[in-house]
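2 protein chains.
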Amino acid sequence: MAFSEFKPLDEKSLIEYIKTNPVLSNKIGNNYDDLNIKEVGDGNLNFVYIVVGFAGSFVIKQALPYVRSIGESWPMTKERSYFEALALKEHGRLCPEHVPEVYHFDRTMSLIGMRYLEPPHIILRKGLVAGIEYPNLAEHMSDYMSKTLFYTSLLYRTTTEHKHDVAEFCGNVGLCRLTEQVVFSDPYKVSQYNRWTSPYLDHDAEAIREDNVLKLEIAELKSKFCERAQALIHGDLHTGSVMVTSNSTQVIDPEFAFYGPMGFDVGAFIGNLFLAYFAQDGHADLVDDRKSFKEWVLRTTEDTWNLFHKKFTALWDKHKDGHGEAYLPAIYNNPELQQLIQEKYMKDLFHDTLGFGAAKMIRRIVGVAHVEDFESIKDASKRAECERQALEFAKLLLKERRRFQSINEVVSAIRA
Amino acid sequence: MAFSEFKPLDEKSLIEYIKTNPVLSNKIGNNYDDLNIKEVGDGNLNFVYIVVGFAGSFVIKQALPYVRSIGESWPMTKERSYFEALALKEHGRLCPEHVPEVYHFDRTMSLIGMRYLEPPHIILRKGLVAGIEYPNLAEHMSDYMSKTLFYTSLLYRTTTEHKHDVAEFCGNVGLCRLTEQVVFSDPYKVSQYNRWTSPYLDHDAEAIREDNVLKLEIAELKSKFCERAQALIHGDLHTGSVMVTSNSTQVIDPEFAFYGPMGFDVGAFIGNLFLAYFAQDGHADLVDDRKSFKEWVLRTTEDTWNLFHKKFTALWDKHKDGHGEAYLPAIYNNPELQQLIQEKYMKDLFHDTLGFGAAKMIRRIVGVAHVEDFESIKDASKRAECERQALEFAKLLLKERRRFQSINEVVSAIRA
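Sequence order for the protein chains is A and B.
So the first sequence is residues 1 to 416, counted in UniProt numbering.
So the second sequence is residues 1 to 416, counted in UniProt numbering.
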């Protein structure tokens, strides 16, 4: 066998690989004459090939043993591919409408063959930068998050199932540590990888490194991230991990998946919508002042949380007499108590969401990995002004999150 | 091999077993003529043999695949023996002064050979029932708890070490589920295994099953127990899991060990000291009114927490520049912030301790497993009166724990 051990593929060896694999070769009708192969991995970590033939198509995603955007100096286990495939399959089973199908997984090669999300699918972040409204986004994302989080939590599952899967995903520790570093640590200290729009934000970055209250709060969130196995989370659910058309919403790239706090996923998504909002003034021009789009972003953020809340509690109500072991029916099955329990659970989850969302915003402005929302603003002083507004709001959110009772209050605070 | 598969031992086959095992047979000088064997398992789960020869001694503890005190109708994986041995070794490495040495472990036989805690060692609970003061108890237990909990937490360890061990101990799920049932569930619902001093406490037991606020609080604690992997906890640290003389304190029976919330251990110990306190009026007689012993119990409780707090934070200070990943030196190494972080951490741990302690008290009065502290009070009405006081205090503690700022305030509340 040519691929009995790990080997990074190029376009040529990729074809050889496909030929050895019936699932993949059948997808393209075993016809290699007019095959179209394109490397499109624009993320930080992997190589991604789109393979299109007359009979069909797929995507090949291969993990290399280092962080692609940094290079071989930042090693990163390629075993992440195994956990990505596991999470894609599990989340896909729970929410097939919004997770691309996995056709093939090869652990030795750290390689996933999966559905090609054909045009006009684009990365959501690019759509938001372009000012495109996605009328179904809140509906779809709330669907995805409520199903994947509820069904992998102890609200639905037994302790036995839970601990089994928690143990399995402890293996994805390399990626957890990467998150710990880039989200919870580096922005709050001097680090060679940090960058920001300098010199404009030099003082802002320094202020974060000297803010004791902020450091207390980020420590609490980090501890939840490291210790609390609440559900199988995506682990990197920003707007670059979502592909969209006006009708379709597909969540990709769960290589950071593990059993962690639900608020880390919901917060990642909402925090990145906030980043998109704060970047809009940098994209405004004479043709489009982006005012109406900004309102759409805020409305979508409100809808995302409110719909998530509604769907998540509806799943809970539906399965309250099921085999989930967090709240046994014999104890909690009276309507008044059930409501108290849900209100407490959702309030805590809401505050986690705001905290993690804020943390994800901060790290995108003063940490290693930035976002196209801001990066595409050419004028550095204008970009810095947008980033500063986002940063100030994120700091407020991280410190004061417990005083917000609803997403509408948060959005009001943004407007004010 | 006679023991190549699991077989419950009796006194005769035990001797055969020892003969096949050099570590054990050497301990007793390979001399079987004057061997003294006694079965002493008075706990709920296992068989325990004391083996004493002229040359030496040891204890053999064998787990059977069901709960001994209930019988074969309540199956319980004998794999718990593996986790008990793991925890004994790990905690023994961290605190050899207070954990008996393991000589031998046989996974197939679910059998541990370990140090025999010779007379005058007795079970602490029996000493407390007898009204015996142990002047070193708080010092020793705070030592044990601070070392075992600190050194297995992310305050000392890396995420990589942490997740590796969390995954391993996820395998002890059977025992975790038993705790979930008997501590966090059964007392709050009708269960065939529940019992209490009837008819005296019929109304009290019913009141617990109908107390919504109590159920909200116990749910929060259960969620921490199921989801929060904070440290390698003993998992059953009541006064029956401690053997004492006036100079020696030895913690045994960690078969419930797993990565859980630290407060579950500290709370178990302190909650059981409170049970001992409330039982004293039932043991008072003309010779000894137990007043001075009650004061000793309260003082010991205060000392246990205060010394634990002191030693735990001292270990933290000592290792604050170490490789623990919870609070990186580059972020948290300024004295003011370090103090804020520790105060917050210890306050949360204190409130967890009070909550779990209260839960452990409640379950010993209206749940399946009772304690000798109360059971040895022959007069049922007198016993019920002691139990009711303990129950009322535990309910207060569970509901109001967050308003206590120190253990001294808690002890004042007991006196009032």
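Hints are supplied without guarantee of correctness; some may be wrong.
Lysine-lysine pairs mimicking DSBU-like chemistry, simulated, CA-CA at most 30 Å apart [unchecked claim]: (1) A:K310 with B:K215; (2) A:K224 with B:K378; (3) B:K320 with A:K189.
Just so you know, these hints were derived from the structure itself, not from any lab.
Source: prediction; values computed, not measured.
(message) Between the alpha carbons of K224 of chain A and K378 of chain B, is the straight-line distance 30 Å or under?
(response) Violated - the C-alpha atoms of K378 of chain B and K224 of chain A are around 47 Å apart, more than 30 Å.
(message) Can you confirm whether the C-alpha distance between K310 of chain A and K215 of chain B stays at or below 30 Å?
(response) Given pair K310 of chain A, K215 of chain B holds - Cα atoms ~24 Å apart, limit 30 Å.
(request) For the pair we were handed, K320 of chain B and K189 of chain A, check the Cα-Cα distance against 30 Å. (result) The hint holds at about 16 Å.
The structure fails hint 2 only (numbered hints given earlier).
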